[in-house]
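Required output: the full structure, derived from the provided sequences and hints.
The residues making up each chain are set out below.
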Amino acid sequence: MSAGVDLDHVCADFGTFRAVDHVAVNIRPGEFFSFLGPSGCGKTTILRMISGFISPSQGVIRIGGKDMKGQRPNQRPTALIFQNLALFPLMPVWENIAFGLEVRGVDRHKRRARAEELLQLVDLPDAADKAIAQLSGGQKQRVAIARALAVEPQVMLLDEPLSALDLKLRQHMRAELRAIQKRTGVTFIYITHDQGEALAMSDRVGVMSQGRLQQVADPREIYNNPANGFVASFVGENNIFTGDIQGTEGDLARFATASGTFTARLGPAVTQGMKARLFLRPEHVRLAPGSGGANSIPVEVTDVAFEGNFISIHARDAGGQVLLAEARNDGATAVPAPGERLHFTFDGQNAVILTGDTAARDADT
Amino acid sequence: MKDLLNRYGLLLTTVFAVLTGFWILVLVVLPNIYLFEHSFKPYLPVAELGGPKDVYSLDNYLTFFRSPIHISVFVWTVVYSALVTVICFLIAYPLAYYLSKVSARALLPTIFLLLFIPLWVSEVLRSFAWFIILALKGPLNASLLGLGIIEDPVRWISGFRGVIIGLVYTYVLFMLFPLYNAIQSLDTNQIEAAEDLGAPWWRTHWRVILPHAKPGIASGSVMVFMLSAGSILVPTLLASTNSRWFTEIIQQWMFESQDWNTGSAYAFLLLILCTVFVSVVMRVFRVKLSDIAK
Numbered sequence: 008m009s010a011g012v013d014l015d016h017v018c019a020d021f022g023t024f025r026a027v028d029h030v031a032v033n034i035r036p037g038e039f040f041s042f043l044g045p046s047g048c049g050k051t052t053i054l055r056m057i058s059g060f061i062s063p064s065q066g067v068i069r070i071g072g073k074d075m076k077g078q079r080p081n082q083r084p085t086a087l088i089f090q091n092l093a094l095f096p097l098m099p100v101w102e103n104i105a106f107g108l109e110v111r112g113v114d115r116h117k118r119r120a121r122a123e124e125l126l127q128l129v130d131l132p133d134a135a136d137k138a139i140a141q142l143s144g145g146q147k148q149r150v151a152i153a154r155a156l157a158v159e160p161q162v163m164l165l166d167e168p169l170s171a172l173d174l175k176l177r178q179h180m181r182a183e184l185r186a187i188q189k190r191t192g193v194t195f196i197y198i199t200h201d202q203g204e205a206l207a208m209s210d211r212v213g214v215m216s217q218g219r220l221q222q223v224a225d226p227r228e229i230y231n232n233p234a235n236g237f238v239a240s241f242v243g244e245n246n247i248f249t250g251d252i253q254g255t256e257g258d259l260a261r262f263a264t265a266s267g268t269f270t271a272r273l274g275p276a277v278t279q280g281m282k283a284r285l286f287l288r289p290e291h292v293r294l295a296p297g298s299g300g301a302n303s304i305p306v307e308v309t310d311v312a313f314e315g316n317f318i319s320i321h322a323r324d325a326g327g328q329v330l331l332a333e334a335r336n337d338g339a340t341a342v343p344a345p346g347e348r349l350h351f352t353f354d355g356q357n358a359v360i361l362t363g364d365t366a367a368r369d370a371d372t
Numbered sequence: 056m057k058d059l060l061n062r063y064g065l066l067l068t069t070v071f072a073v074l075t076g077f078w079i080l081v082l083v084v085l086p087n088i089y090l091f092e093h094s095f096k097p098y099l100p101v102a103e104l105g106g107p108k109d110v111y112s113l114d115n116y117l118t119f120f121r122s123p124i125h126i127s128v129f130v131w132t133v134v135y136s137a138l139v140t141v142i143c144f145l146i147a148y149p150l151a152y153y154l155s156k157v158s159a160r161a162l163l164p165t166i167f168l169l170l171f172i173p174l175w176v177s178e179v180l181r182s183f184a185w186f187i188i189l190a191l192k193g194p195l196n197a198s199l200l201g202l203g204i205i206e207d208p209v210r211w212i213s214g215f216r217g218v219i220i221g222l223v224y225t226y227v228l229f230m231l232f233p234l235y236n237a238i239q240s241l242d243t244n245q246i247e248a249a250e251d252l253g254a255p256w257w258r259t260h261w262r263v264i265l266p267h268a269k270p271g272i273a274s275g276s277v278m279v280f281m282l283s284a285g286s287i288l289v290p291t292l293l294a295s296t297n298s299r300w301f302t303e304i305i306q307q308w309m310f311e312s313q314d315w316n317t318g319s320a321y322a323f324l325l326l327i328l329c330t331v332f333v334s335v336v337m338r339v340f341r342v343k344l345s346d347i348a349k
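Line order of the protein sequences matches chains A and B. Here the first sequence is numbered in this note's numbering, starting from 8 and rising by one per residue. Here the second sequence is numbered in this note's numbering, starting from 56 and rising by one per residue.
Heads up, a few of these hints could be off.
[To be verified] Computed cross-link-like contacts, DSS-like style, restricted to lysine-lysine with a CA-CA straight-line distance of at most 30 Å:
{"no.": "1", "chain 1": "A", "residue 1": "K137", "chain 2": "B", "residue 2": "K269"}
{"no.": "2", "chain 1": "A", "residue 1": "K189", "chain 2": "A", "residue 2": "K137"}
{"no.": "3", "chain 1": "A", "residue 1": "K117", "chain 2": "B", "residue 2": "K269"}
{"no.": "4", "chain 1": "A", "residue 1": "K137", "chain 2": "A", "residue 2": "K76"}
{"no.": "5", "chain 1": "B", "residue 1": "K192", "chain 2": "B", "residue 2": "K269"}
{"no.": "6", "chain 1": "A", "residue 1": "K76", "chain 2": "B", "residue 2": "K269"}
{"no.": "7", "chain 1": "B", "residue 1": "K57", "chain 2": "A", "residue 2": "K137"}
{"no.": "8", "chain 1": "B", "residue 1": "K57", "chain 2": "B", "residue 2": "K156"}
{"no.": "9", "chain 1": "B", "residue 1": "K108", "chain 2": "B", "residue 2": "K96"}
{"no.": "10", "chain 1": "A", "residue 1": "K175", "chain 2": "A", "residue 2": "K73"}
[What the hints assert, rightly or not] Over the 10 Å line for every Cβ pair with chain B, so calculated as not near, a few chain A residues:
{"no.": "11", "residue": "N81"}
{"no.": "12", "residue": "N91"}
{"no.": "13", "residue": "A93"}
{"no.": "14", "residue": "I187"}
{"no.": "15", "residue": "R288"}
{"no.": "16", "residue": "E333"}
{"no.": "17", "residue": "P345"}
None of these hints come from the bench; they were simulated from the model. Note that beta-carbon positions come from the ideal geometry of N, C-alpha and C, so glycine has one too.
As structure tokens, this is what we get:
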């Protein structure tokens with residue numbers, strides 16, 4: 008059983024600060040939907056509004072088509088997994104999982120049986136009588152998921168539940184969460200600032216900035232066809248050039264920058280005269296000797312970082328702009344050395360001109 | 056110790072150590088040892104001190120067990136101290152929950168100040184104030200009559216009523232602060248998680264907040280109980296003709312009968328029996344001593 012969630016122009020105000028600004032999206036039943044954005048973008052507020060801890064100051068939230076106005080968290084068909092999990096440390100694992108059933112008056116014997124069943128589902132058999140403190144981070148994660156599933160929610164809300172885990176476990180739990188979601192068919196709404204998580208797990212991603220939904224699309228679309236400068240710069244790495252649109256031709260435009268004039272694709276609703284930037288993913292860049300012709304910049308390689316599966320190359324053009332290229336570590340590509348003078352070239356179809364602010368880069372993104 | 060030396064130098068450190076030692080040894084330990092020793096000695100005329108009758112015995116302690124009246128006073132003292140503890144808990148728990156999880160942070164200093172101010176006034180004065188408030192023609196009856204809640208003035212200070220009211224008022228904060236600390240340390244997400252899983256408010260309290268607050272409840276209860284059972288001022292000032300407190304009997308032995316030996320024996324009995332009672336209650340509620348010390 009799963010339900011869709013409609014956010015119908017939802018706003019949340021704290022005093023004069025608008026944390027969530029007219030967010031409108033229909034999350035489909037059974038969908039794995041992620042809200043992706045930097046901290047403070049309003050994504051957690053959205054989650055708390057769906058679960059019922061905060062009331063929207065404007066707009067309507069519908070779950071399964073039903074208006075949730077005035078419904079307390081304990082009356083909603085949602086289950087929230089907290090960032091710190093909020094397991095009850097004084098109850099053994101099985102009582103944690105069965106808490107929602109206990110509340111509903113299910114008898115002890117049935118509760119215990121259901122808890123065991125759920126422990127099987129989250130791949131944690133034999134943990135029923137353990138204390139919470141005895142579990143590892145990943146095991147606690149699974150108990151939290153089981154506890155939320157026990158109440159048979161129609162919508163599961165997850166507030167960055169993987170952020171406390173180490174990288175290896177995080178990657179494992181991504182796949183696990185995705186598998187549990189598919190197995191149960193419950194609608195998952197996932198909050199994260201980690202683009203990798205959002206892209207890897209979700210059916211669709213909603214990218215947020217400053218309380219507004221910037222783009223809603225499937226992960227491929229978000230990465231390949233970002234709607235604006237914020238989405239492009241927040242999701243994935245970019246070479247960004249500031250400049251002016253000189254002329255357009257179909258969906259292509261000539262874009263004049265300090266590093267040269269390039270041909271690039273026009274982003275959605277971008278027209279001549281707008282303040283715009285050119286975005287280019289580092290994996291779409293070729294670094295090669297000789298003259299490049301169109302969309303080519305002479306550069307000097309400054310730094311080469313070996314990342315394992317790929318090689319990250321920093322270069323600098325005549326104007327001093329730092330450019331980033333990535334080469335696959337497939338053995339066939341020649342790896343340039345620092346100091347080498349090469350041409351930085353790209354295909355105009357892979358570069359896109361977008362408007363809007365870029366995301367501030369910090370350690371999280 | 057080395058820290059102290061470095062910070063205050065040899066002279067000041069010695070002064071601190073001597074003063075603390077004097078306080079503990081001369082003002083606390085020695086008097087207790089003295090009383091303890093005398094509690095085993097008979098009460099004799101001066102001429103017979105050191106004579107053949109001046110030998111150690113358990114007679115003073117047995118006096119208590121041979122006196123049904125004293126035993127009954129002791130039992131009622133324990134029962135009413137326990138009642139005071141329960142009433143203090145019932146008042147302090149909602150208040151502690153409100154202060155730690157509901158009220159705005161900015162209000163807390165003001166609320167705590169308001170709670171603390173009465174503590175600046177001496178216990179004697181506060182008890183006298185209650186004596187006046189509770190008097191038959193006092194302000195409480197006058198207000199209740201004026202509001203039409205009662206038709207005839209209530210004799211508040213009768214039976215143990217006055218004592219209970221006075222003790223609750225005097226010791227409720229000793230329950231409030233440990234409870235506040237305990238509840239405050241609970242992760243608010245746990246309360247929200249319980250609600251999110253469908254729990255009504257009372258079940259969240261019963262299953263999540265109360266179990267977490269248990270050490271605070273235990274230490275608050277032990278304090279209120281021991282202080283109430285050992286209180287002399289309130290039971291004396293707010294007493295009625297038939298509310299005798301065990302401490303009053305100790306006082307009578309010491310100051311009216313001039314029999315310090317039996318008085319000491321009674322004092323130690325109060326301490327021992329109350330400790331036993333508290334230990335039994337802690338065992339029943341499965342509280343460990345280490346929980347209380349937290």
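We went through each hint and held it up to the structure:
no., hint, verdict
1, A:K137 / B:K269, "holds, 21 Å"
2, A:K189 / A:K137, "holds, 28 Å"
3, A:K117 / B:K269, "holds, 29 Å"
4, A:K137 / A:K76, "violated, 39 Å"
5, B:K192 / B:K269, "violated, 42 Å"
6, A:K76 / B:K269, "violated, 36 Å"
7, B:K57 / A:K137, "violated, 45 Å"
8, B:K57 / B:K156, "violated, 41 Å"
9, B:K108 / B:K96, "holds, 9 Å"
10, A:K175 / A:K73, "violated, 40 Å"
11, N81, "violated, 5 Å"
12, N91, "violated, 6 Å"
13, A93, "violated, 4 Å"
14, I187, "holds, 18 Å"
15, R288, "holds, 38 Å"
16, E333, "holds, 40 Å"
17, P345, "holds, 49 Å"
The structure fails hints 4, 5, 6, 7, 8, 10, 11, 12 and 13 (numbered hints given earlier, in ascending order).
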